[in-house]
Structure formats: structure tokens, C-alpha cells
Amino acid sequence: MSDPREPEAPDELPEARAVPRRVIGTPPPAEARRMLADVDGRKAPPAPRWLPADPPDPRRAKKAERLVAALFILSTLAGIGFIAAYVGLQVGSVDSVFRSNLALGLSMSVVFLALAVGAVIWVRHIMPTVELSEDRHPMASTPQERQAFAETFEQGAEASQFVKRPLLRRTLIAATVPALAAPLVLLRDMGPLPGTSLRHTVWRKGMRLLVYGPNTPIRPGDFSSPGQMITVVPDGYQDNQDALAAATAIIIKFAPGVLQPPTVMNWTVDDIVCYSKICTHVGCPAALYEQTTQHILCPCHQSTFDAPRGALVLFGPAPRPLPQLPITTDADGYLVAASDFREPVGPSFWERG
Amino acid sequence: MTTFTERALEGTGRWLDDRFHSARGVRVLFRKIFPDHWTFLLGEIALYSFIILLLTGTFLTLWFQPSMTEVTYHGSYTHLDGIRMSEAYASTLNISFDVRGGLLMRQIHHWAADLFMAAIFAHMLRIFFTGAYRKPRETNWLIGITMLTLGLLEGLFGYSLPDDLLSGTGIRILEGVLLSIPVVGTYLTFFLFGGLYPGHDIIPRLYIIHVLLIPALLLALISAHLFLMFHQKHTQMPGKGRTNTNVVGAPTYPYFMAKTGAFFLFVFAAVSLAATFVQINPIWLYGPYTPVGISAGSQPDFYMGPLEGMLRMFPSWTWDLAGHTVAWDVFVPALVPLGLLFTGAALWPFLEQWITGDRREHHLLDRPRNAPTRTALGMAAVTFWGVFWLEGANDVIADQLNISLYVTTEISRWAIFIGPVAAYWVTKRICLGLQRKDLHLLEHGVETGIIRQLPSGEYIEETRPVDEEERAVLESRHPAPSLPAGATVAALEEAPVPPAAMRGGMGRVRERLNAVLAESVPTDGHGGGYGEHGNGHGNGHAEHAAISPGDEETGGGATGA
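Protein chains in written order, with our numbering: chain A, 655 to 1007; chain B, -15 to 545.
Just so you know, the hints here were simulated from the structure itself, not pulled from any lab data.
No experiment lies behind these values; they were computed from the predicted model shown.
Glycine is no exception: its CB is placed at the ideal position from the N, C-alpha and C atoms.
Do not rely on the hints blindly, as some may be mistaken.
Some but not every residue of chain A turned toward chain B, in silico, with C-beta under 7 Å [said to hold, decoys possible]:
| # | residue |
| --- | --- |
| 1 | 740 |
| 2 | 755 |
| 3 | 872 |
| 4 | 956 |
No more than 20 Å apart at the CA atoms, straight line, and that leaves these computed lysine to aspartate or glutamate pairs for DMTMM-like [claimed, not checked]:
| # | chain 1 | residue 1 | chain 2 | residue 2 |
| --- | --- | --- | --- | --- |
| 5 | B | 421 | B | 442 |
| 6 | A | 859 | A | 944 |
| 7 | B | 16 | A | 788 |
| 8 | B | 224 | B | 427 |
| 9 | B | 224 | A | 789 |
| 10 | B | 224 | A | 986 |
| 11 | A | 818 | A | 805 |
| 12 | B | 421 | B | 446 |
| 13 | B | 16 | B | 28 |
| 14 | B | 421 | B | 454 |
| 15 | B | 16 | A | 785 |
| 16 | A | 859 | A | 986 |
| 17 | B | 16 | A | 986 |
| 18 | B | 224 | B | 459 |
| 19 | B | 421 | B | 431 |
| 20 | B | 119 | A | 789 |
| 21 | A | 818 | A | 808 |
| 22 | B | 421 | B | 394 |
| 23 | B | 224 | A | 785 |
One chain only, chain A, in its complex shape (with noise of 0.2 Å):
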């Protein structure tokens, strides 16, 4: 704690059961109010003040003083007001919640704005005007204060033996280790470890491709026109978070001559192509599809792949095309993938190789 040390303010606050140092007559019984500067006119020659205090104008002030009880007025009845709104507005409703949302933001808000205004008013017209000036002291202890506090460190660190009991120290500092690293090891079940968890996804052969929302298979005739990208599911994991985050893929149908390598032919269904729809760069889906040049894009970082040449990079931070889904038929005539993905989908990892 520092000690503001003002020369304007040379008494000292006398403490509890300190004797007065100037005692006429008998001392009053509450010792306390000697704390403050001549009560019943006894004391005689009066302290400099510390602080004036009357404000400079009078005549603003009081002007002033009437605006700030106005406004802390206005507080109490925007406080009044904020309950009465809580109690009268009740939810539940989109227009219900924004008439309640409005009414108690609004008395809430002029609570502290009247408050503040008035709080700022009092200060600046009501309170008389100062500023003071208290030294500061360079922060390093003067050079006795250290000599005194070596003495003390030294004493102590001989008194304790650290220093001469090597066998002590040593054995001290290796029984941290263990007791440092337990914790981390505590955090070694926030998970399982990952294996090759990564490098696959739930599509197996015959899995049927869901139209993602309906959740109906689909037939290659289902496509009305080419040009269309739509998202699929595989069948029984539509509602699977953790099986979608890698699984969830797209079909484009394609005129027919459009496809080219590098998209495998033979992993494709009458110009109808499907791609993982998890972005190669940090996992985000690859949603946005422009029929006009044939790219898909990924909304979160921009990158871009080229639909009809096997998915390849055409601009933005993925480092590799969206990896492509065998697909077939099954004996009903729906899609349905011919194999899980040939390489791991989504963003890159240490152990992907």
C-alpha cells in the first residue's frame, strides 16, 4: 500500500483507543468524534482542509442540484416502471418476447443513464472543484530497505538448510515432478484415442444415399434436369451427429460428356457424381453450388473445387479435392454407395499420410 504522504494534511487519524494529544477539560465520551475538526467549538487553532467545501458558484449549483434530483426522480420511475413491465408483459410469443424485450430494456436503461447523467452533474456543478498533486516515489526500495530485507532472505534460507543440504533440495524438486505431471495424466480419459477412427466413415456397399431432409432414397431418374446438387445421408445414420460429420456427401447430376478425369468413371451413376461434403480444409460443409461454372464452394473459407473435374482445387485454402464416393445402383434402382470412400474426408491430420 502506498502512502500519499500530502503536505497539505499533516494530522494524523487518531486510532481507536489512541490518547488525544490535546486534551482540554474532560475528553469527550466518544472518542470517535475527534475524527472530525472542531464539533463543539473547543478546539482551537482548525486544521487546513483537505478538500474546499463549497462549490465555486452557488448559484449554478443549486440550478444543478434541482436537474440531478429531477433525474434520480426519472431513475426511480424507470425502476418502478421496469417491474411493472416485468409483471404486466408476459412471453411466449415472438411479439410477446420483442413488446417485453423493448419495455424492460428500455426502463432498464433509463435507470443508469438518469442515474449517471445525474451522478456526473453532481460532480462536475454540485462538487466544489480540485485537483491535488501527491508525490510519487520511485518504486525501488531505498538501498537500507534492501540490505535489510538480503539479511532476512539469507537468514532464512540458512535457518531452513536449503542451501547447505544439497540431499534435501534434490529430492525436493524430483518429488514435483511426479506430483506435477499426475494431473495431466488424470486428463488422459477425456477421450479415446483416435486409431483409425479418422480414416473411414460409415458408408458401407448396398448403404442406400438419403436425400438429406426427406430422408428418401433416390433414383438416378429422380433427377428432372442436370445441374442439381443435393446433399445425402447414408440410410440409418440420418440422425447420427458424429456418423453425418464425416459421412455427409453430395450428388450432382452432370450433361451427359461433362464429367472428366480426374473423377473416376466407374465410381459414378449415369453422370450423377458424389463427392464428401466435408471441406478438405477445416471440416466446414461445402455447400454452395454454381450451376453456371460448375463449382462448389465452401461458404466458411472460400474454397473452391471444380464439380465436373473430380472435385480438384480451383482457388482457397483446401489443400485437397473433395474426395469422391463410389456409387451404384441396388437391385430397386436407387443409389447406393459401392464402398466407403477410398481416402479419409474432412481436414488434414498428422497421421493421415
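Assemble chain B onto chain A, guided by the hints.
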């Protein structure tokens, strides 16, 4: 009859002092002087936003369910009726539509979080540009940088909790970034998410970090920050009667108490007005999170914008090496630029001390123009940050300005290198120009706008001399410190044996940097338009206040201003 204050002193005052021996300590507290300047309020905004965050955050925890268990929604928001969603999302809808004042508190919480981060950035820039981080306040600067980092994490985790489509995408990006870390990334990801993404653990884990761990750390650091500020006394702006060895201002009791109390209310009023009239994070419009969906124009809160921009800007570089993938394209942009900025900021006070050899205490702030190189470096960093930030919204910019999305990224890839250099150069010119203007004012006075005709027929404009207050501010520039006497090039030519600290390669680097840092308009009164920067070795060096090796060693003595 006793007065109000007497009764308070005899009652409460005596009770407290009997138990805590508080009379002396509290008196010191009451008389503590706080200097005034509007920029000193920036840190207070951060502090008060934090208090608002604690208050509203506590309110929100009364209803929020940090759970990823799937439920089918049948609440008041009928547009999502029958939709499957996590309990976290459903309870956030509940807070918004079924708890009176819930939406207001949610919006205040979110606005206060944005204000908290904005105030921290502004406060940090103020500290940097005025040199308030200099000795003895380096520790508080480091605490501040730590709090800024924690604040970024706290914000990211906080807005992810509702598990809506927008914030869930943020968590997905977090997963991608963690995965990209070489060697340990996959393991970190599996430990954080409790297995495959998204799993069922991430929301509860982020929740406890958001409501307990980081707030507790922030609270501890804020306490330390304020204690050090109090203990070392506040810095002050240059002005009449203000020196390096005093503090001029109003006392805590009653002035600072009233003003800062009012300011807390102003901050609260501002945030609650924003929450009343400006919708923020309407999660019911985004829908519940699913890894399948996303919306265009996904943007994080503004303070995460630069990270988003870095990910967008960086080229797609990866290596496949001996069965391993090094995802330069993700972990470099996600970790390196921010790491450089924060580490650079943390090291700067110590680097500056090394370059200038100035180990004195500084309590009187610099006007930014009076430290041109520092100010220019700061603006370069701001520009670096700003280009990333703009790139984080490049899709919106491309859409609004009707230019190609790819062009915005190409521009930013150039701007990230050119921008900071240009900002450095321009800022330095402006600072030096302002220094010349100050010198001109001191020499020729202030133009009054009164034109007078002399008997000779000549017209002149009358000037008045600067008043005392202006003079004190204008004269606050001191010659930039140079290295220990005898270490300059000029001195070396005469006596070719430099002091130990100045020998060798590092010594030369240090001297070169010192010349750059010391660049200023000479204060000899004739430097106005001629004495130039750039030839810092000749004319410039004569102006530097040589710091004796003694100063550098002891460093204790506060020197008068």
C-alpha cells in the same frame, strides 16, 4: 445534535476500525489521486463490461442446459416446432422466448462481451501508443496480454454454447485447426471432443471452461492488474504541473468514486440500450447445429474475425511426408500471425529497453507523435490485424462492393505485406510533421485569424503566444534516449574501443535499431523544416539524451521530467 457523518463514524466507522484497523488504510485509499484523461476510461469500460458479463451470465446459467442430448422442440417459438435439437439449443430458445427478461439478458451478455473485447483492444492500444507499458509497468502489460488471450477464448467458447448452426460451424473450424497441429493434433482433438466430432462432450466442457475456469482466471488477473495499477500509481498525460515525480488529479473520495460509479452506469446503460434496440445473435433464425448444414456469410464475432481472415487468406500448402500430413494451410494461419503479434507485443517493452538503454521509470505518458517509431510500429500492427480482419469478412465485402470474391482474397494477400509497411511509413511522416507543427507553435505562437496592416502597408497575421497549459503539453517531448555515452558511431570514430554491450554483431544491430527508434525532429528550435530524420547519425545524435551507464545499471532513480 449530531450530523450524519458523525453518526456514520461513531457507528459503522468505529465498528469497522475496531475489527480491521482500517482508519489509516482507508484514509490513504480515500486520498488516492487519480489523474484524468478520457483514454483512461477505456480500461474501465473493459472492467465494467466484465462485471456486467458476470451479472448477466449468472442469470443465464439459471436456465441454460449445457447438454447435447437430443430433444424434440415444442416450445413457444413455433417455427421450430417438432425439430430435433440439443438441449443446449432448446434451453437457449427457452431463455429467449419463455423467460421474462431472458432475451434482454442474453442480448446484454452478448453485447457486453463484444464491448469487453473492443475495450480491451482500445485500452491496449492506448497503453502502447502512450508508452504506459514502460518501466515499472511491464508486468501489468504482460497481464493485459494474457487477459486479452483469455478474453478471445472466453468469447469463442461462450458464443458456441447455444449449439446453433452458426456457432457450431465455429466449433467445426476449431476441430479442423486442432487436427492440423503436427504430431499431437489428432490426440488433442479426441481428448477435447471426447472422441469423434462432434460427440456429446464438447458443449458441457466448453460450458465449465466458460463459466468457471476462464472467469476465475480473469478475475484473479484483473485483481492483480488493478492492484498493480493502484500500487504503482496511475500514469498521467503531460500538462502543466505534471512531472514524472507527481500525480495530479482528483482524490478517490468523493470524486473518483462518483465519477467511476457514474461511468459504470453509463456503460451498463449503453449495453442495455444496444440490447434493447439492436438484435444480436438471433440463434432461433440460424436453427440447431448439424454438421450437414451451413449458411452463406458465416462470420464469427468481430474479435475472432482476424483468425477467420487468416484461414481464408493463406494458400493451400500441405506436405505429405513419410506417411504424415503437415497441414501448413491450417495451423500456420491459425497460430502464427496471432502468435507473432502477441509475442511481439509481450516482448516489446523489454526490446525497447534494450535498444534505448533506457531503464528509467516512466510515469509521464508520451504523446504518440513524440515516439514516431513506436507509433508507426503500432500502426503497422493495427494494419496487419486489420487486413486479416477485413479478409475475415471478404464474402460480405465482395457482395456489398460487387467485386469478385477471389479478387478480395488476392488483394488481401498483397495488402498483408504492403499494408503494414505503408502504415509504418505514413504514420512516421505524420508524427514527424506533428512534431514540426508543435515546434512551430512554440516558436511563433498560435494564429489568431486577425489580419493587421502595418504602417508600411504589409499585412501580417497576429499570433498569440501559447498559454502555460499548451506550452506544458507541447514541451513534453524529450530527446529520445540514445545508447550509453561513448557508444555512438561519432564517438567510435574518435575512440575505437566501444563498451562491452556495444561490441560485435548484436552491438551493431542494437545501435542501428537505436538510431531508428530515436528518429525525431530536433528540438533545437531550428529543426522545423530542415533537420531531418534519416540522417540520424549526424545531426540527430546530438539531440539524444545520453544515458549514462550508471542509469542503465541501477535504474532506480526516477528522473524528473
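| query | Regarding the pair residue 421 of chain B and residue 431 of chain B, is the alpha-carbon distance no greater than 20 Å? | reply | holds, 12 Å
| query | Does residue 986 of chain A lie within 20 Å of residue 859 of chain A when you go C-alpha to C-alpha? | reply | holds, 15 Å
| said: Next pair to validate is residue 224 of chain B with residue 789 of chain A; report whether the Cα-Cα distance is within 20 Å. | reply: Given pair residue 224 of chain B, residue 789 of chain A holds - Cα atoms ~15 Å apart, limit 20 Å.
| task | Decide if the proposed pair is consistent with the structure: residue 421 of chain B and residue 394 of chain B, CA atoms, cutoff 20 Å inclusive. | result | violated, 39 Å
| task | Quickly compare the C-alpha distance for residue 421 of chain B and residue 446 of chain B to 20 Å and report which way the hint goes. | result | The given pair, whose Cα atoms are some 17 Å apart, holds under the 20 Å limit.
| Within 20 Å, alpha carbon to alpha carbon, are residue 421 of chain B and residue 442 of chain B? | Violated, at about 25 Å.
| query | For the hint on residue 755 of chain A, does the least C-beta distance to chain B fall short of 7 Å? | reply | holds, 5 Å
| task | With chain B as the partner, please determine if residue 740 of chain A meets the hint condition of a C-beta pair closer than 7 Å. | result | holds, 6 Å
| Straight-line alpha-carbon gap residue 119 of chain B to residue 789 of chain A, limit 20 Å | Roughly 18 Å separates the two Cα atoms, so the pair holds.
| Given the hinted pair residue 224 of chain B and residue 986 of chain A, is their alpha-carbon gap at most 20 Å? | violated, 91 Å
| said: Just to be careful, I want the Cα atoms of residue 224 of chain B and residue 427 of chain B compared with a cutoff of 20 Å; is the pair within it? | reply: Holds, at roughly 18 Å.
| said: Check whether the Cα positions of residue 818 of chain A and residue 805 of chain A lie no farther apart than 20 Å. | reply: Between residue 818 of chain A and residue 805 of chain A the Cα gap is close to 17 Å, so the pair holds against 20 Å.
Consistency with the previously given hints fails for numbers 3, 5, 6, 10, 17 and 22, ordered from lowest to highest.
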